[in-house]
Amino acid sequence: MFKYTGNDLLTGLLISSGVNVYRLVLQGQIDHARRLLSKHTAAYSDSFQSIDDLLKRMPIFSQMSRGHSVAEFDMKWRHWQDDAQRRLEEQEFASNKQLRTICRILAGEEAVFTELQDICGTWYHMLVSKMLYQHPTVKAIDLQYYVQSCLDVYRNSQQRLGELDNILLVALEFDIHQVIKESSSMFSNWWFVAHLTDLLQHCGQLEAHKLQYGSNLREFLLLDYASSLMSNKSLWVVGVSYLDHCPEFGRHYLENFIENMPIETERKAQKLLNICKERNMTEQARSICKVVGMRHLNNKRLGAALTWFLRSKDVAFATVIAEKFLLEYSESGSFTNLDLIDNLGPSMLLSNRLTFLGKYREFHKLYEDGDFFAAGSLLLSLLDSRLAPKEFWLTLLKDAIPLLEARELIFSSSDTYQLMHCLEELTKEFDVMKQKDGKRRSFSEHEKEKLDLLKLGLTRNLSRAIVTEGSIKLS
Numbered sequence: 001m002f003k004y005t006g007n008d009l010l011t012g013l014l015i016s017s018g019v020n021v022y023r024l025v026l027q028g029q030i031d032h033a034r035r036l037l038s039k040h041t042a043a044y045s046d047s048f049q050s051i052d053d054l055l056k057r058m059p060i061f062s063q064m065s066r067g068h069s070v071a072e073f074d075m076k077w078r079h080w081q082d083d084a085q086r087r088l089e090e091q092e093f094a095s096n097k098q099l100r101t102i103c104r105i106l107a108g109e110e111a112v113f114t115e116l117q118d119i120c121g122t123w124y125h126m127l128v129s130k131m132l133y134q135h136p137t138v139k140a141i142d143l144q145y146y147v148q149s150c151l152d153v154y155r156n157s158q159q160r161l162g163e164l165d166n167i168l169l170v171a172l173e174f175d176i177h178q179v180i181k182e183s184s185s186m187f188s189n190w191w192f193v194a195h196l197t198d199l200l201q202h203c204g205q206l207e208a209h210k211l212q213y214g215s216n217l218r219e220f221l222l223l224d225y226a227s228s229l230m231s232n233k234s235l236w237v238v239g240v241s242y243l244d245h246c247p248e249f250g251r252h253y254l255e256n257f258i259e260n261m262p263i264e265t266e267r268k269a270q271k272l273l274n275i276c277k278e279r280n281m282t283e284q285a286r287s288i289c290k291v292v293g294m295r296h297l298n299n300k301r302l303g304a305a306l307t308w309f310l311r312s313k314d315v316a317f318a319t320v321i322a323e324k325f326l327l328e329y330s331e332s333g334s335f336t337n338l339d340l341i342d343n344l345g346p347s348m349l350l351s352n353r354l355t356f357l358g359k360y361r362e363f364h365k366l367y368e369d370g371d372f373f374a375a376g377s378l379l380l381s382l383l384d385s386r387l388a389p390k391e392f393w394l395t396l397l398k399d400a401i402p403l404l405e406a407r408e409l410i411f412s413s414s415d416t417y418q419l420m421h422c423l424e425e426l427t428k429e430f431d432v433m434k435q436k437d438g439k440r441r442s443f444s445e446h447e448k449e450k451l452d453l454l455k456l457g458l459t460r461n462l463s464r465a466i467v468t469e470g471s472i473k474l475s
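Under UniProt numbering, think of the first position of the sequence shown as 1, with each following residue one higher.
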């Protein structure tokens, strides 16, 4: 059986735990304090067992506990604390200063808190500890009456009150607006003030009165905090969610931010579009698509530009892109971005020029697939409906030459007359059009050759059609 002297116990406690046990007890972390004490080499001695018994039986009140009133808890607390005081008076811990100090804390002795002011650290930590062991059922509204004694302890030690201390003092006085004012001055951003005000508003502690500029205080502070987030390249997405919780001006702010936000990448553009879609911001979504589309257009990426203009349903710029595709074809005889043009689908109906582009590409596909009758019918409909721009008629008529020369009769006499009428109309327009210098505009040599072939083809096709149609009637 080992025997422990008072000096041995003191040395062991200082080595194994030091002031940590005091700190845990002052903070009300009783289970942690008991666990630390149990690791001491003298944990099974009478004095250690006595203090452990007090800690274990310390009453804990919780509002979640059913069937226990505040009065019942207060009675249990007084009985328990009387027991702690009795053990002090009976000198149970006379041989161990540290255990005696712990018991003095449990008994709520006034002087012990002053002695442990360095462990408490601040006046408000001391206040919490004193209330825990002196007035455990104190109401929040009454805390202000116990503050002064704690402040005096630290003032005597020449500690000066800082900004945080001032905020806590007005908070204990329940001066909510002063808390918000002091916090706004102290902190470098609006995070704390915005969240504090939001919590106060939701728990009914803040009057929802309107400010002079229309918003309430909660929304005003949330708007300021959200604005600071929206100006950050990494956190602007977070700012969006804050604006969602501002019913008065949040949407207006968000619309303004989106309209003025730089769009460096398509990934960012897509994020913005998702935000607009979730909030039904149609105009802002169109603006984003137009910005990205213009960037691609300026960089001569016509396919990407058209994709974005289609998303924005921008008729004017979709028409511009379609005309560029047609001009490109008239100069090179081939289309680029075939995948996009082939899959326009209903999007081609956005503008007449885009519709013509899609249908003209369809004509080429039919011709390449050998479906000459369908190709000829589509070509005629493009001319007859006036869907094809006048400056592209000559190209369409030249495309008709292989069909006119085909072994099978593709165009009837009526179709041929229609083609002749288009050629005649086009020729007359060329005759009346004049350039700025007054000279008549004329066809190029290459165009003249094609026109001669076209006229010859139309004449031959008309003869074949009349003969064929006459033979059918005779038969």
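These are calculated hints, taken from the structure and not from any lab test. Any given hint could turn out to be false.
[What the hints assert, rightly or not] Subject to a maximum C-alpha distance of 30 Å in a straight line, what follows is the list of computed DSS-like cross-link-like pairs (lysine-lysine):
#	residue 1	residue 2
1	Lys97	Lys139
2	Lys359	Lys313
3	Lys448	Lys428
4	Lys300	Lys233
[As the list claims (entries may be wrong)] FRET-style restraints, in silico, Cβ to Cβ:
#	residue 1	residue 2	range
5	Ala71	Asn280	30 to 38 Å
6	Gln270	His135	56 to 64 Å
7	His135	Gln205	32 to 40 Å
Computed from a prediction, not measured in an experiment: that's the story for all the values here. Positions of the beta carbon are idealized from the N, C-alpha and C atoms, including for glycine.
Going through the hints against the structure:
1. Lys97 to Lys139: violated, 33 Å
2. Lys359 to Lys313: holds, 19 Å
3. Lys448 to Lys428: The hint holds at about 14 Å.
4. Lys300 to Lys233: OK: Lys300 and Lys233 at ~28 Å, within 30 Å.
5. Ala71 to Asn280: 30 to 38 Å: For Asn280 against Ala71, whose Cβ atoms are near 57 Å apart, the range 30 to 38 Å is violated.
6. Gln270 to His135: 56 to 64 Å: Hint holds: Cβ distance 59 Å, inside 56 to 64 Å.
7. His135 to Gln205: 32 to 40 Å: violated, 23 Å
Comparing the model with each numbered hint stated earlier shows that hints 1, 5, 7 do not hold.
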